[in-house]
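Chains as they are written, first to last, in my numbering: chain A, 1 to 143; chain B, 1 to 398.
Just to be clear, a hint being listed does not mean it is correct.
Below 25 Å or equal to it, Euclidean Cα-Cα: the simulated DMTMM-like pairs (lysine to aspartate or glutamate) are [to be verified]:
| no. | chain 1 | residue 1 | chain 2 | residue 2 |
| --- | --- | --- | --- | --- |
| 1 | B | Lys207 | A | Asp15 |
| 2 | A | Lys60 | B | Asp339 |
| 3 | A | Lys60 | B | Glu221 |
| 4 | A | Lys60 | A | Asp24 |
| 5 | B | Lys207 | A | Asp108 |
| 6 | A | Lys63 | B | Glu250 |
| 7 | A | Lys7 | B | Glu23 |
| 8 | A | Lys60 | A | Asp108 |
| 9 | A | Lys63 | B | Asp339 |
| 10 | A | Lys103 | B | Asp339 |
| 11 | A | Lys7 | A | Asp24 |
| 12 | A | Lys7 | A | Asp108 |
| 13 | A | Lys63 | B | Glu23 |
| 14 | A | Lys45 | A | Asp15 |
| 15 | A | Lys45 | B | Asp199 |
| 16 | A | Lys63 | B | Asp309 |
| 17 | A | Lys60 | A | Glu80 |
| 18 | A | Lys103 | A | Asp5 |
| 19 | A | Lys63 | A | Asp5 |
| 20 | A | Lys21 | B | Asp72 |
| 21 | A | Lys7 | A | Asp129 |
| 22 | A | Lys45 | B | Glu23 |
| 23 | A | Lys45 | B | Asp339 |
| 24 | A | Lys21 | A | Asp129 |
| 25 | A | Lys103 | B | Glu23 |
| 26 | A | Lys103 | B | Asp199 |
| 27 | B | Lys188 | B | Asp74 |
| 28 | B | Lys188 | B | Asp309 |
| 29 | B | Lys111 | B | Asp339 |
| 30 | A | Lys60 | B | Asp199 |
Hints in this document: simulated from the structure, not taken from any laboratory.
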Amino acid sequence: MSPYDFKRVLVAIDDSAGSQKALDCALSVCSATGARLTALAVEGKLPAYAGSLGEVDEVKREKDRYFAGVLGAARFQAGERGITLATDLVPGHPAEAITHYAKAHGHDLIVVGHRGHLLGDYLLGSTADRVAHHAHCPVIVVR
Amino acid sequence: MTATELAAVLAALIVLASIASVELGVSVALLELGLGVVAGNLFHLDPNTPWLAFIASFASIVLTFLAGAEVDPDDFRERFGASLSIGVVSFVGPFLVAWAVTAVLLGWTLKASLIAGTALSTTSLAVVYAVLVETGLNSTRIGKLIMSACFVTDMCTAIALSAIFIKPNAWFPLYVVASIAIIVILPKISPRFFHRYGDRVIEPEIKLVFVAIFALMVVGELANGQAVLPAFVLGLVMSRHYQRHRQEQERLRVVAFAFLTPFFFLRGGINVSLPAVFANLGLLALLLAAKMIPKFGLVLPLARRHVPDHAAFTTLMMSTGLTFGTISSLYGLNAGIIDRTQFSLLVSVVVLSAIVPTAIAQRWFSPDVAGEAATDRGRLPERQPLPGSRPLPAGEQS
């Protein structure tokens, strides 16, 4: 059995164009291989050094609502191609959360989108760069 | 600058802070404080304009009330002993050390050093909460323990502030009786009041809370004291009511954070003298050490006993500070107990304590959420890498 007979694929999504391409790619891979597909959205940072609990709760609720929409749209898109898409939403730093989640849940392939380099990415590396660098399994970066 | 011109400038700063908060993902309170520092030092705004001083003073009591109302009494009871001991030590240790350092080494007056002790011993429930929610730890036992311990420290701060300022006079018994009466009566009448008058645009229930807070402030002033402790306890006894009526609490927060607290934090910032801070960087470091060393020296051993796997994380969380530290410092300045240089140094240390321990805790000591959640469920799982920390590169993982 080849290590590239993918059984569990993880695709990281938000609502960017790169992430849409990543989802398309992941759906095609799963269509071809029969692998199970999970879409993961990462909520990112909450307000740092908050002055009140309400401020944190409000942003958290807003993010929950927003990403519920993103994941719902992804499920609909997968359903149209006859694929059952599992979805999950986790808090935290995107690259760390994606690599941690993939390892913890036994995924053997990660698919991420490339959004193009922003200014900060030249200094720190993009999320896709960091996922590719730290992941325990193969990573497809979709342009 | 006229009062209206000052209001217009501050309103512009408030909008700017809100936009920056959304764009940068940094708390609006910290940005308001920061913009207040910049505007105050560049344009020499007058922080003692009566309307500004009044709104900021009311806002500080509303903030205290909200801090009490945000406590979950059930979480607090769950690990009462541990949270009480960590919370009390987290206050008493830095309080005594900061008091001794400022009184003995720096020669501050007794009351000024007590203000320093109070401002530097606080924790920030909100800063801690953001870290816990972001990492998913807020629903774990360790998260609840840290939140409860922060609450205990907040309570100690409120007690200390009330004790420092009180100069009992003939009105003192009235202050005590009226405070107790309001604390007992408001939670009892709130459900019926809410049922009859609540959920309306005119917000009678928020006005009722404001009346209660103003009443506490009036009797506090009559007794030469402050309404901090009664307002905090009033918030605490109202927390169950707000658990049942989340929208009411939300609306109160909206009113507070849209109109009241921005003026409090801006005024705090305007009072900070940057030249005074830069001229006293050594003192700044000393005061920061006076906060951090006792937190680590005294909280860490206790944390090791109660949460041995995450003692450093717990200690760092208990070392944060922001709102109560700013309130304590501003009270000292308003009352003429500390001067502008002392205030500037204390607020700078408070802001640093919001940033530095949080960054260190998130970067290097964030607990394993999956492990904690599973431990809470009564089974020990295979440990996973820390979600809040950098995963090891492939090939280096054990």
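Inset, instruction - Would you check the hint for lysine 63 of chain A and aspartate 339 of chain B, treating anything up to 25 Å between C-alpha atoms as holding? - result: violated, 43 Å
Inset, instruction - Given the hint that lysine 63 of chain A pairs with aspartate 5 of chain A, test it: the Cα-Cα distance must not exceed 25 Å. - result: Outside the cut-off at roughly 35 Å; violated.
Legend entry - Hint consistency between lysine 188 of chain B and aspartate 309 of chain B [alpha-carbon to alpha-carbon, up to 25 Å]: Given pair lysine 188 of chain B, aspartate 309 of chain B is violated - Cα atoms ~42 Å apart, limit 25 Å.
Legend entry - Restraint check for lysine 207 of chain B with aspartate 15 of chain A, where alpha carbons must lie at most 25 Å apart: violated, 42 Å
Legend entry - Proposed proximity, aspartate 5 of chain A with lysine 103 of chain A (alpha carbon, max 25 Å): holds, 17 Å
Legend entry - Given pair status - glutamate 23 of chain B, lysine 45 of chain A, alpha carbons within 25 Å: holds, 12 Å
Inset, instruction - Starting from lysine 21 of chain A, check that the Cα of aspartate 72 of chain B is at most 25 Å away, please. - result: violated, 44 Å
Inset, instruction - Assess, step by step, whether the Cα of lysine 103 of chain A is no farther than 25 Å from the Cα of glutamate 23 of chain B, and give holds or violated. - result: Status violated; Cα separation ~32 Å.
Inset, instruction - For the pair we were handed, lysine 63 of chain A and glutamate 23 of chain B, check the Cα-Cα distance against 25 Å. - result: This hinted pair holds, its Cα atoms lying about 14 Å apart.
Inset, instruction - For the pair we were handed, lysine 60 of chain A and aspartate 24 of chain A, check the Cα-Cα distance against 25 Å. - result: At roughly 28 Å apart (the allowed maximum being 25 Å), aspartate 24 of chain A and lysine 60 of chain A break the hint.
Inset, instruction - Please work out if lysine 7 of chain A and aspartate 129 of chain A have their alpha carbons no farther apart than 25 Å. - result: Between lysine 7 of chain A and aspartate 129 of chain A the Cα gap is close to 23 Å, so the pair holds against 25 Å.
Legend entry - Hinted pair lysine 7 of chain A and aspartate 24 of chain A, Cα distance within 25 Å: Given pair lysine 7 of chain A, aspartate 24 of chain A holds - Cα atoms ~17 Å apart, limit 25 Å.
In summary, the structure is inconsistent with hints 1, 2, 3, 4, 5, 7, 8, 9, 10, 15, 16, 17, 19, 20, 23, 25, 26 and 28 from the numbered list given earlier, while agreeing with the others.
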